[in-house]
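Chains as they are written, first to last, in the numbering used here: chain A, 8 to 116; chain B, 27 to 138.
Keep in mind that the hints were calculated from the coordinates and are not lab data.
Watch out, some of these pointers could steer you wrong.
Claimed, not checked - Using 30 angstroms as the maximum straight-line C-alpha spacing, the simulated DSS-like pairs for lysine-lysine come out as follows:
hint, chain 1, residue 1, chain 2, residue 2
1, B, K83, B, K97
2, B, K97, A, K86
3, A, K86, B, K83
4, A, K115, B, K97
What the hints assert, rightly or not - Stretches of chain B that chain A covers, calculated by requiring three or more beta carbons in the stretch to come under 8 angstroms of a beta carbon on chain A:
hint, region
5, 33-41
6, 48-57
7, 62-68
8, 97-107
For each residue, glycine too, the CB sits at the ideal point set by N, CA and C.
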Amino acid sequence: RKEVEQDPGPFNVPEGATVAFNCTYSNSASQSFFWYRQDCRKEPKLLMSVYSSGNEDGRFTAQLNRASQYISLLIRDSKLSDSATYLCVLYNQGGKLIFGQGTELSVKP
Amino acid sequence: NAGVTQTPKFQVLKTGQSMTLQCAQDMNHNSMYWYRQDPGMGLRLIYYSASEGTTDKGEVPNGYNVSRLNKREFSLRLESAAPSQTSVYFCASSDVAGYEQYFGPGTRLTVT
Numbered sequence: 008r009k010e011v012e013q014d015p016g017p018f019n020v021p022e023g024a025t026v027a028f029n030c031t032y033s034n035s036a037s038q039s040f041f042w043y044r045q046d047c048r049k050e051p052k053l054l055m056s057v058y059s060s061g062n063e064d065g066r067f068t069a070q071l072n073r074a075s076q077y078i079s080l081l082i083r084d085s086k087l088s089d090s091a092t093y094l095c096v097l098y099n100q101g102g103k104l105i106f107g108q109g110t111e112l113s114v115k116p
Numbered sequence: 027n028a029g030v031t032q033t034p035k036f037q038v039l040k041t042g043q044s045m046t047l048q049c050a051q052d053m054n055h056n057s058m059y060w061y062r063q064d065p066g067m068g069l070r071l072i073y074y075s076a077s078e079g080t081t082d083k084g085e086v087p088n089g090y091n092v093s094r095l096n097k098r099e100f101s102l103r104l105e106s107a108a109p110s111q112t113s114v115y116f117c118a119s120s121d122v123a124g125y126e127q128y129f130g131p132g133t134r135l136t137v138t
């Protein structure tokens with residue numbers, strides 16, 4: 008079983024829609040969680056960290072459910088510029104990040 | 027600010043050739059990483075250096091070597107390139123190991 012699993016998509020949504028991605032992880036000892044964004048043929052960039060209490064940054068909300076071992080990312084009022092691949096990332100011990108394969112989002116006019 | 031820089035941006039090699047991918051960061055970060063990204067596989071860690079003077083294997087180290095030349099620079103060497111090493115290679119750095127990583131623009135390598 009992969010340490011981090013994501014639905015690769017693509018998720019095709021119209022502008023203004025709300026879309027949510029889930030990501031499951033297998034190691035219950037995972038300590039920290041992140042969402043990264045990767046535009047086509049570009050480098051990944053940190054979108055937001057995910058805290059146990061949940062956190063919001065503008066149109067983006069991230070949540071962590073340790074009991075069920077998943078994290079989620081909710082995007083409200085989708086923009087064309089949100090089209091990208093969203094990578095679920097977790098940190099165990101040993102100084103390494105574990106990356107999911109990513110979920111592709113395409114926002115259409 | 028330059029952040030993390032990588033050279034070259036593109037490279038085509040023949041099977042058996044060798045080359046070194048260069049990476050440098052100007053953020054005074056302690057930790058540096060090399061990843062490869064293949065379609066459907068996500069980012070996989072090749073090697074990392076938690077601090078200057080140390081290097082450790084990641085998930086897919088076979089066929090690669092690394093050198094942490096100083097705090098700024100971390101190079102990746104392919105001694106005898108194989109078609110299976112065709113990939114996009116990203117270098118990254120972080121201030122604290124395991125936390126937010128900043129990535130370079132990538133090197134697109136094709137081995138024929």
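Do the hints match the structure? See the list:
no. : hint             : result
1   : K83(B) / K97(B)  : holds, 18 angstroms
2   : K97(B) / K86(A)  : violated, 40 angstroms
3   : K86(A) / K83(B)  : violated, 40 angstroms
4   : K115(A) / K97(B) : violated, 44 angstroms
5   : 33-41            : violated (count 0)
6   : 48-57            : violated (count 1)
7   : 62-68            : holds (count 3)
8   : 97-107           : violated (count 0)
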